[in-house]
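Asker: Letter by letter, the chains look like this.
There are 2 protein chains.
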Amino acid sequence: MYNAAAAATYYRDKNVTITGGLGMIGSNLARSLVDLGANVTIVDAMLAQFGGNHFNLSGYEDRIHLIAADIRDRSATDSFILNQHVIFNFAAQVSHNDSIRDPYSDAQINYLGHLNVLESARVNNPDVRIIYSGSRLQYGKVHSVPTSEDHPLNPETPYAFNKTVAESMYRYYYRLHGIDSVLFRITNPYGVRGQMKHSGYGIVNYFIGCAMRGEAISVFGDGSQIRDYIYISDLVDALVAAGASVAARGKVMNLGSGRGTSFREMAETVVRVVGRGSVSLVPWPKSYINVETGDFIANIDLARNTLGWTPEILLEDGVRITLHYYEQYGGHYFE
Amino acid sequence: MYNAAAAATYYRDKNVTITGGLGMIGSNLARSLVDLGANVTIVDAMLAQFGGNHFNLSGYEDRIHLIAADIRDRSATDSFILNQHVIFNFAAQVSHNDSIRDPYSDAQINYLGHLNVLESARVNNPDVRIIYSGSRLQYGKVHSVPTSEDHPLNPETPYAFNKTVAESMYRYYYRLHGIDSVLFRITNPYGVRGQMKHSGYGIVNYFIGCAMRGEAISVFGDGSQIRDYIYISDLVDALVAAGASVAARGKVMNLGSGRGTSFREMAETVVRVVGRGSVSLVPWPKSYINVETGDFIANIDLARNTLGWTPEILLEDGVRITLHYYEQYGGHYFE
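First to last, the sequence lines map onto chains A and B. Under my numbering, read the first sequence as residues 33 to 367, first letter to last. Under my numbering, read the second sequence as residues 33 to 367, first letter to last.
Treat the hints with care, since some could be wrong.
Copies of the same chain look alike in the list, so a pair counts if it works inside one copy or between any two.
As the list claims (entries may be wrong) - Lysine-lysine pairs mimicking DSSO-like chemistry, simulated, CA-CA at most 27 Å apart:
#1 Lys318 x Lys283
#2 Lys283 x Lys46
#3 Lys46 x Lys318
#4 Lys229 x Lys283
#5 Lys46 x Lys173
#6 Lys173 x Lys318
#7 Lys173 x Lys283
#8 Lys46 x Lys229
#9 Lys229 x Lys318
What the hints contain is simulated information worked out from the structure, not anything from laboratory work.
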């Protein structure tokens, strides 16, 4: 929930670009912004193995301008930033585990690509507002939950290092060059239009896929580790509000549901809602235990107060909406 | 001072590569390692405007293998890391102010270049030891001096961001892949074989050059800001000891003199020792006050205790040795 009337007033005829816009977050956001009257451009590198999917724009193809470009290409960022009021800079390598296998590519996309956009803004469009999607993994292992934004950052893997240094760079460009930005640290998002091929793009979506196929869902350890899962429409509401909010300027804010759910409870909810599959407890694989960060729940008071926003979708409802989407359109996502 | 006999035993016939080895730190280190019996290779990209200078190897040309290569080139790092026992990975963009003008190049060299070396080590030579030269600027504004390694890191500029994220990546490769490294945070080094063309490569050397030309040295504000200046031979002693030390494995250590000197006192020392020039107090330029970090003195207890090392050269003596060097060889450095 947020002030949709104010957002509609703000976005009417505004030029908005979403990088990584064929992915789950970008495409759902694009559809909402089109509905609010914005002129929406999507920039996507359409990299194989990444989260982009043309079907995510189904029904909106005629109302969204699509550019095939990579934020690692400075000439591309110099060009697409022109005349834009807001950039949702969501182009990203989103897999934590892929960042461990290939830290260099992660750094190039999640850090240097974003630095390109900042430099292009400074040179070609210093009045643009940029919205950045950081990660709760920037906190690393936390000493208290719910965790607020002033908790120290102890990133532990390449994905988290690059999200953190990129956030520092955004803050620096705001401080030194006055480039307006709103910086989010997002907890596990899930929902419609996410990749369903493997676990690297969101564990809830992956589990829904497993259950739909009647498979056993592997939960590591006793499944007691707490996570904060945010449904995509709640996330999009916050992003829409942030793009239009004067109060959000220069702020770093957590985005989550604010509720903790154990991994096992999440998996059991998925199995119950889908009505197929099962939950199977397995020992921690070594490659995962190295990057396991312990319990996490986001303190979302700052986003609530700044954006006048409240997340509304309970996990069970989010899973049900997601299931219905993939029952209808799964053919575009599973193969 | 350090245990030179133990170091000589360690380095005899060891293969040691120094990246950025034509610069001030790398070249002085290379000469010491040759003297200790190591097979020394220097890798240097020989970039214009950077600190490398072939004259730095004067008298040692026949005993050092020189490779023109850039750590931004993964095929180069894959190749030069082979069969090496120790890599002093000192290739760097060293100017704080240049990192503000061109943050992208700073990130490519000071972060992604180092990531190339780490990946090459993981794939081609996992038993190598890598010594990394971070910066005291990783601390940003400190809340107490002398500052020890457990002080929070609050980097404020691209140079400091990139030094910090590179250090995180070294620690991660040590933790996850067992790549042995020793990580230093170095305070303002000065001395023989440094660039003398402008202020970007060390302020003490630059001031010595100004005084030698009889110029007025500009000191910002009242010159009361405290810095910790370390003379190059003290720095090299610590690096030599670190390359050979089992106890140093995986450690992050400050390297400085451990003594604080006001900026004004440093400038006055330079003018007094050189016997020419003058000190002129001028207001802070805006571009500098944005990056001024306040007083800094390194707590060097950890390096002292781990390496059995003690810095010995007082500022006045270091300036005198440096002056004599440039009186003799200045033609190779000033133009």
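Asker: Compare the structure with each hint and give your call.
Answerer: Quick rundown of the hints versus the structure:
1. Lys318 x Lys283: between (37 Å within a copy, 24 Å between copies)
2. Lys283 x Lys46: So Lys283 and Lys46 pass the 27 Å test inside one copy only (22 Å; across, 52 Å).
3. Lys46 x Lys318: For Lys46 and Lys318, the Cα distance exceeds 27 Å both inside one copy (49 Å) and across copies (35 Å).
4. Lys229 x Lys283: Cα proximity of Lys229 and Lys283: none, with 34 Å in one copy and 41 Å across.
5. Lys46 x Lys173: neither (40 Å within a copy, 40 Å between copies)
6. Lys173 x Lys318: The answer is within: 17 Å in one copy meets 27 Å, while 39 Å across copies does not.
7. Lys173 x Lys283: both (23 Å within a copy, 21 Å between copies)
8. Lys46 x Lys229: neither (35 Å within a copy, 49 Å between copies)
9. Lys229 x Lys318: Within. Shortest intra-copy distance 23 Å satisfies the 27 Å Cα cut-off; inter-copy 52 Å does not.
Checked against the numbered hints above, the structure breaks hints 3, 4, 5, 8 and satisfies the rest.
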